[in-house]
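Chemist: When you get a sec, could you build the whole thing from the sequences and use the hints?
In case it helps, our numbering puts the sequence shown at residues 212 to 414.
No wet-lab data here; the hints were simulated from the structure. Don't take each hint at face value.
Once the Cα atoms are required to be at most 20 angstroms apart in a straight line, the calculated SDA-like pairs of lysine to any residue come out as [what the hints assert, rightly or not]:
| no. | residue 1 | residue 2 |
| --- | --- | --- |
| 1 | K323 | G271 |
| 2 | K323 | H248 |
| 3 | K323 | N389 |
| 4 | K323 | G270 |
| 5 | K323 | L408 |
| 6 | K323 | A410 |
| 7 | K323 | L334 |
| 8 | K323 | A376 |
| 9 | K323 | M381 |
| 10 | K323 | R395 |
| 11 | K323 | T396 |
Derived CB-CB ranges, DEER-like [claimed, not checked]:
| no. | residue 1 | residue 2 | range |
| --- | --- | --- | --- |
| 12 | L409 | W293 | 35 to 45 angstroms |
| 13 | W303 | F251 | 17 to 27 angstroms |
| 14 | S243 | K323 | 37 to 47 angstroms |
| 15 | R382 | W293 | 23 to 33 angstroms |
Yeah, the Cβ is synthetic: ideal placement off N, Cα and C, and Gly gets one too.
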Amino acid sequence: MTRKTLGAVLLLLVAFVGPAFAHPNHADHAFSDGFAHPWFGVDHLAAMLGVGLLAARLGGRGLWLVPAAFLGAMTLGAVASWGDGSLAQTAWWGELGVMFSVAVYGLLLARKQTTSLAVCLLLVATFALFHGYAHAAEANGAAVAPYLVGMVSATAALHATGIAAGVGLMRLANGQVNGDRLVRTSGAAIAALGIMLLAGQLI
Numbered sequence: 212m213t214r215k216t217l218g219a220v221l222l223l224l225v226a227f228v229g230p231a232f233a234h235p236n237h238a239d240h241a242f243s244d245g246f247a248h249p250w251f252g253v254d255h256l257a258a259m260l261g262v263g264l265l266a267a268r269l270g271g272r273g274l275w276l277v278p279a280a281f282l283g284a285m286t287l288g289a290v291a292s293w294g295d296g297s298l299a300q301t302a303w304w305g306e307l308g309v310m311f312s313v314a315v316y317g318l319l320l321a322r323k324q325t326t327s328l329a330v331c332l333l334l335v336a337t338f339a340l341f342h343g344y345a346h347a348a349e350a351n352g353a354a355v356a357p358y359l360v361g362m363v364s365a366t367a368a369l370h371a372t373g374i375a376a377g378v379g380l381m382r383l384a385n386g387q388v389n390g391d392r393l394v395r396t397s398g399a400a401i402a403a404l405g406i407m408l409l410a411g412q413l414i
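Modeler: Next up, the structure:
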């Protein structure tokens with residue numbers, strides 16, 4: 212993985228954030244609500260960082276395809292949910308899916324053998340739909356477009372953070388520390404968190 216490749220991916224992800232701040236006087240409350248939500252839910256936060264770590268571990272095309280698949284599917288899930296008249300009654304399904312995603316993403320990272328890109332994309336995109344649904348349920352009547360922009364911007368920033376952390380850990384493999392083992396350990400911790408969240412919700 213070259214520095215140019217990593218730089219291009221991080222620049223692309225952060226590009227989602229910059230334009231969103233260009234016009235702060237337009238529907239600023241809706242944007243700030245959408246931007247804040249992923250940062251203040253431990254389940255969302257862990258999942259976003261997990262996706263970034265997974266992308267870093269896969270490397271190559273996975274470095275940008277994995278976060279792109281998540282962002283696209285999450286947006287689709289959010290837009291679809293706003294057209295669902297029963298959103299208030301079914302929002303808990305979205306939250307349950309988010310918790311499940313934390314466990315799944317963590318397990319993908321914890322595996323000694325790297326999961327194929329195709330399987331990762333399928334699982335990441337599938338659970339991203341639940342994230343979009345859950346985020347939309349928290350909109351509380353906010354303007355849809357700026358809320359969505361804020362949500363996607365925050366998610367992209369978290370992905371970039373996870374990718375940067377993952378690349379940093381993987382590069383330690385060239386030294387005295389096994390970077391891949393650190394990534395897998397991080398995955399195990401994320402998976403454990405997801406399982407605990409699910410247990411707390413279901414028991």
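Chemist: Could you check the hint for me, namely that R382 and W293 are 23 to 33 angstroms apart, CB to CB?
Modeler: The hinted range 23 to 33 angstroms is violated for R382 and W293, with Cβ atoms some 41 angstroms apart.
Chemist: Holds or violated: K323 and L334, Cα atoms, limit 20 angstroms.
Modeler: Given pair K323, L334 holds - Cα atoms ~18 angstroms apart, limit 20 angstroms.
Chemist: Please work out if K323 and H248 have their alpha carbons no farther apart than 20 angstroms.
Modeler: 32 angstroms, violated
Chemist: Hint says 17 to 27 angstroms; check whether the CB-CB distance for W303 and F251 agrees.
Modeler: 18 angstroms, holds
Chemist: Between the beta carbons of L409 and W293, is the distance compatible with 35 to 45 angstroms?
Modeler: 26 angstroms, violated
Chemist: Against the 20 angstroms threshold, does the CA-CA distance of K323 and G271 hold or violate the hint?
Modeler: 19 angstroms, holds
Chemist: If you draw a straight line from the CA of K323 to the CA of T396, is it 20 angstroms or shorter?
Modeler: 10 angstroms, holds
Chemist: Verify the proposed pairing of K323 with N389, using a straight-line Cα cut of 20 angstroms.
Modeler: 12 angstroms, holds
Chemist: Does K323 pair with G270 here, judged by a C-alpha cut-off of 20 angstroms?
Modeler: 16 angstroms, holds
Chemist: Holds or violated: are the alpha carbons of K323 and A410 at most 20 angstroms from each other?
Modeler: 25 angstroms, violated
Chemist: For the pair supplied as a hint, K323 and R395, is the alpha-carbon distance within the 20 angstroms limit?
Modeler: With a Cα-Cα distance of about 7 angstroms, the restraint between K323 and R395 holds, given a limit of 20 angstroms.
Chemist: Checking one constraint from the list: CA of K323 to CA of A376, max 20 angstroms. Satisfied?
Modeler: Holds. K323 to A376 sits at ~19 angstroms (cutoff 20 angstroms).
When held up to the earlier numbered hints, the structure conflicts with 2, 5, 6, 12 and 15 and fits the remainder.
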